[in-house]
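The sequence shown lines up with residues 801 to 989 when you count with the numbering used here.
Heads up, some of the hints might be wrong.
[Claimed, not checked] With beta-carbon atoms standing in for the labels, derived distance ranges: (1) Asp809 / Lys888: 38 to 48 Å; (2) Glu883 / Ser815: 36 to 46 Å; (3) Gly848 / Gly879: 22 to 32 Å; (4) Asn825 / Arg923: 37 to 47 Å; (5) Asp827 / Gln989: 12 to 22 Å; (6) Phe818 / Met949: 17 to 27 Å; (7) Asp901 / Leu813: 36 to 46 Å; (8) Thr919 / Arg829: 31 to 41 Å; (9) Ser940 / Glu861: 32 to 42 Å.
Keep in mind that the hints were calculated from the coordinates and are not lab data. Positions of the beta carbon are idealized from the N, C-alpha and C atoms, including for glycine.
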Amino acid sequence: MVEAASRIDLPDLHSQPFFYTIQLNQDTRERQLKLWAEILLSYAKSQGKMGYSVQELYESEGVCVNKKVNRRLSIEAVGKVMEYMVEKGLADYSADDGTKDKVFIYAKPLQTIATAIFTWADRNCKIGSVETLVDLREDSSVKGEIFHMLDIKIIEKACLALQKEGKAEVFELDVSGLEGTKGVKFFHQ
C-alpha cells in the first residue's frame, strides 16, 4: 500500500471521523463527494497513473484510510465517489465487461481534453490529416498541451468523444509495422 498523504494536500475534513461516512443530507453529501473526488484526483496525479480498481483505491493508505482517526472509507462509499466522478466527467468506467469496478480518473474532464485536442489540431493545421494516438500523446508539438503524455486510453476516449460530435474519426491503421496502432482524422463541421 502506498502512503499517499505525504504527497498530496488533504483537506482538514480528512482528519474528521464523520468524513468517512457518506452523509444523508443531499447538500452535505454533494460537498463531501466533491471533496473526495478532489482527493482521489490529487492521489491519481501524485501516482502518475489514472487507471484504478475500486479495491485499489479502497486500500490506498493515507487516502481512503486515516489511521490517526481510525477510519476508512467503505468500499461502497468509494464506489459512490467513483459514480459521482463519472457523473461529473472526471472519471470513466474502464472495465470491458460493463462492471463498475475499474475506472480511469481524468486529470481534466474528458470533454476538456477532447476540446484541447481539437483546438490543437485546428491550430496546427491538422484538420483533414491523420495523426496516430501515440503522436497525440508523445509528439514534440503537443508538449505543454493538457493531453501530453496522458494514458493512451484517455486520449482515445477523448477522440471518440470528438467522433460523436462529428469532429473526428478514430480507426485502426492498416500500415505495415503499425499493426494495432490507432489513428484519428479531424474534420471541420
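Inset, instruction - State, for the Cβ atoms of Asp827 and Gln989, whether the hinted interval 12 to 22 Å holds or is violated. - result: violated (39 Å)
Legend entry - Pairwise beta carbon distance, Phe818 to Met949, judged against the given window 17 to 27 Å: violated (38 Å)
Legend entry - Whether the CB-CB distance between Thr919 and Arg829 falls inside 31 to 41 Å: Check passed, 35 Å falls within 31 to 41 Å.
Inset, instruction - Using the beta carbons of Asn825 and Arg923, state whether their distance is inside 37 to 47 Å or not. - result: Between Asn825 and Arg923, where Cβ atoms are some 46 Å apart, the hint holds.
Inset, instruction - With respect to the beta-carbon atoms only, verify the hint that Asp901 and Leu813 lie 36 to 46 Å apart. - result: violated (26 Å)
Inset, instruction - Take a look at whether the Cβ-Cβ distance between Glu883 and Ser815 falls inside 36 to 46 Å. - result: violated (25 Å)
Inset, instruction - Just tell me: holds or violated, for the beta carbon distance of Ser940 and Glu861 against 32 to 42 Å? - result: Holds: the Cβ-Cβ distance is about 38 Å, inside 32 to 42 Å.
Legend entry - Range hint compliance [Cβ, Gly848 to Gly879, 22 to 32 Å]: holds (24 Å)
Legend entry - Cβ separation of Asp809 and Lys888, checked against the hinted range 38 to 48 Å: violated (20 Å)
Against the hints set out earlier in the document, violations occur for numbers 1, 2, 5, 6 and 7.
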